[in-house]
Amino acid sequence: NAGVTQTPKFRILKIGQSMTLQCAQDMNHNYMYWYRQDPGMGLKLIYYSVGAGITDKGEVPNGYNVSRSTTEDFPLRLELAAPSQTSVYFCASSYSGRATDTQYFGPGTRLTVL
Amino acid sequence: DQQVKQNSPSLSVQEGRISILNCDYTNSMFDYFLWYKKYPAEGPTFLISISSIKDKNEDGRFTVFLNKSAKHLSLHIVPSQPGDSAVYFCAASAYNNNDMRFGAGTRLTVKP
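Protein chains in written order, with our numbering: chain P, 1 to 114; chain E, 1 to 112.
Be aware that a few hints might be false.
If the Cβ cut is set under 8 angstroms, some of the chain E residues that face chain P in the computed set are [as the list claims (entries may be wrong)]:
id : residue
1  : V4
2  : S8
3  : P40
4  : A41
5  : F46
6  : A94
7  : Y95
8  : N98
9  : D99
10 : M100
11 : T109
Treat the hints as calculated values from the structure; they're not laboratory data. Backbone N, C-alpha and C fix where the C-beta goes; we use that ideal spot for every residue, glycine too.
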């Protein structure tokens, strides 16, 4: 099993550009999550999904969009990149949404917006 | 609004000694607590957890202690090994809630 995979590993964007961060999992997990980690801060939840076709906002959703057309994939879209979106982005998945259910994280995407 | 705080950005200990990482939380609704470990260029991986009905949970060299009245938890690693060198995140959640809140992390360095 590859677990949770993310592409790209690194990306530099100019202000106003758009991009999609890809995330895939092969564990047949229902729940998937997107987090961002700013320097010196903890991970913050951007969006999550409880299954194909169902998504919901987390703590910091502004400036992002998500979709979940399949169980495996959960892409994160930045439409108009801003310097405030410079961060490391982590995708995660879990079988259920209970806190007791382990979340498995991908290796992250480091995004810089200049 | 930092609901989970790790006030020590870094900690350095000698191999074989005990490492103690601390975490404080403010939200009294939190009833499940987790520690994640993160190596460079990797995602966080789950290490150990504790529910609010317990005050201690042990897994090998790792023990988590919870003091609900002080809203404080700690992770003890004994004996510490160089391979334990990583960033450790404390996280908290309500039991049936997938909105997990993370601390900023503590970078542990274990010196040979």
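These are the hints, each one checked on the structure:
| no. | hint | result |
| --- | --- | --- |
| 1 | V4 | holds (6 angstroms) |
| 2 | S8 | violated (13 angstroms) |
| 3 | P40 | violated (10 angstroms) |
| 4 | A41 | holds (6 angstroms) |
| 5 | F46 | holds (5 angstroms) |
| 6 | A94 | holds (7 angstroms) |
| 7 | Y95 | holds (6 angstroms) |
| 8 | N98 | holds (4 angstroms) |
| 9 | D99 | holds (6 angstroms) |
| 10 | M100 | holds (7 angstroms) |
| 11 | T109 | violated (17 angstroms) |
When held up to the earlier numbered hints, the structure conflicts with 2, 3, 11 and fits the remainder.
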